[in-house]
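Here is what each chain is made of, one letter per residue.
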Amino acid sequence: MDFLNLLRAQWDRSLAIGCAVIALFALLLGYIGVSGTPRVAAQLPYFISGGLFGVFLLTIAATLWLSADLRDEWRELRLLRLQREAAAERELQLEALESPMPTDSPAKRARPQGAGRPSRNDVGAQR
Amino acid sequence: MTTHDLAPWAASAGLQRSPWSETEINRLIAILAVALVGIVAAWFGCSGATTWTPQMRWMVLGIGATTLGGAGGVGFVIAGLRATRAERRAVVLSLREIQQVSPYSDDPGTAAPGHELVTGNGMSHYHRSQCLLARDKDVVVLEPREIGASHLIACEVCEP
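These protein sequence lines map, in sequence, to chains G and Y.
Okay, so the first sequence: first residue is -6 according to the numbering used here, each after it adds one.
Okay, so the second sequence: first residue is 211 according to the numbering used here, each after it adds one.
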């Protein structure tokens, strides 16, 4: 996988790393600006543009990274569940094909009106 | 398992791509945008003020905006955690339905043949050998004393 494909596939983690790098750069610039001026009134804009903006970007980076982990885990779990549901559905269809219920079977005659379709256990019990 | 393994039936079932709804994503974007505007406004206002009192007001705005952005991120991650936990619970329940074989024989010291406790390289859990999460994987059989000595956790699906 080349670099561009990696960036495309892992766009959220790439963005998180980018935000973290810019945040560290902003914090460093803020520190340099604050330390270079003795007046508090002149230091405060550096505190906001460097410090607060850096913290803000770090928050975005952390959110992106954690959300990427969560998305991966969630997607795998969901895929597993959907596969399991599809397998169960196929299993039910196979069971229904293997044991077709005769129209005048005793089980059907004994079933009260409106009882609904037979369950898996009912079908299995007939074999 | 990756999304490349996505079967056609899964694609046709409209496989959602993330644990967040569109509303949650839009809400996060809106919160971050408001926070960013607040920080820029605070910086702009603070730079233009020359006295302490108005600068403090702009500072409060900046700190508030940063806190808002952080809260938005935390809320987003919590929403994702809850969705992932719900999905995990659904998977565990689904797998438990088909896990009906008891792995133990009458003798408490030994497991029934074919139902030993196993683990694999890189795994943090130990499983029954028939567990779906361990089946068809490169695993080694564990002795009961090995489990006690290791830091392995019991699988939540097969509950060995």
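Calculated directly from the structure, the hints in this document are not laboratory data.
Here a beta-carbon is modelled for each residue, glycine too, at the ideal position from N, C-alpha and C.
Just so you know, not all the hints are guaranteed correct.
[Unchecked claim] Quick list of simulated restraints, FRET-style, between CB atoms:
| hint | chain 1 | residue 1 | chain 2 | residue 2 | range |
| --- | --- | --- | --- | --- | --- |
| 1 | Y | S360 | G | Q86 | 39 to 45 Å |
| 2 | Y | I235 | G | S7 | 55 to 61 Å |
| 3 | G | L(-3) | Y | V270 | 40 to 46 Å |
| 4 | Y | S334 | G | L(-3) | 31 to 37 Å |
| 5 | G | Q36 | Y | A359 | 32 to 38 Å |
| 6 | Y | A300 | G | L22 | 44 to 50 Å |
[Claimed, not checked] Some chain G residues flagged as far from chain Y (calculated, every beta-carbon gap over 12 Å):
| hint | residue |
| --- | --- |
| 7 | F(-4) |
| 8 | D5 |
| 9 | R6 |
| 10 | G44 |
| 11 | L50 |
| 12 | E91 |
[As the list claims (entries may be wrong)] In silico contact screen, one side only, chain G against chain Y (beta carbon under 10 Å); selected entries:
| hint | residue |
| --- | --- |
| 13 | F18 |
| 14 | L21 |
| 15 | E78 |
Hint check:
With their beta carbons about 43 Å apart, S360/Y and Q86/G fall inside the hinted range of 39 to 45 Å. Range check, I235/Y to S7/G: about 18 Å between beta-carbon atoms, so the 55 to 61 Å window is missed. The supplied range of 40 to 46 Å is met by L(-3)/G and V270/Y, whose beta-carbon atoms lie about 44 Å from each other. Distance hint check: the CB atoms of S334/Y and L(-3)/G are about 34 Å apart, consistent with the given range 31 to 37 Å.
Restraint check, Q36/G to A359/Y: a C-beta distance of roughly 57 Å breaks the suggested window 32 to 38 Å. Range check, A300/Y to L22/G: about 48 Å between beta-carbon atoms, so the 44 to 50 Å window is met. Interface exclusion of F(-4)/G from chain Y stands, the closest Cβ pair being 19 Å apart, more than 12 Å. Its closest Cβ contact with chain Y, about 10 Å, brings D5/G to no more than 12 Å, contrary to its assignment away from the interface.
Listed as a non-interface residue, R6/G keeps its Cβ farther than 12 Å from every Cβ of chain Y; the least gap is roughly 14 Å. Its closest Cβ contact with chain Y, about 9 Å, brings G44/G to no more than 12 Å, contrary to its assignment away from the interface. The claim that L50/G is not at the interface with chain Y is violated, since a C-beta of that chain comes within 12 Å of its own (minimum 9 Å). Residue-level check passed: E91/G sits 19 Å from the nearest beta carbon of chain Y, beyond 12 Å.
Hint status for F18/G: violated, given a least beta-carbon distance of 16 Å to chain Y, over 10 Å. Below 10 Å, beta-carbon pairs count as interface contacts, and L21/G has none with chain Y, the closest being about 17 Å; its hint is therefore violated. Interface hint status for E78/G: upheld, as the beta-carbon distance to the closest one in chain Y is roughly 7 Å, under 10 Å.
The structure is inconsistent with the numbered hints 2, 5, 8, 10, 11, 13, 14, although it conforms to all the rest.
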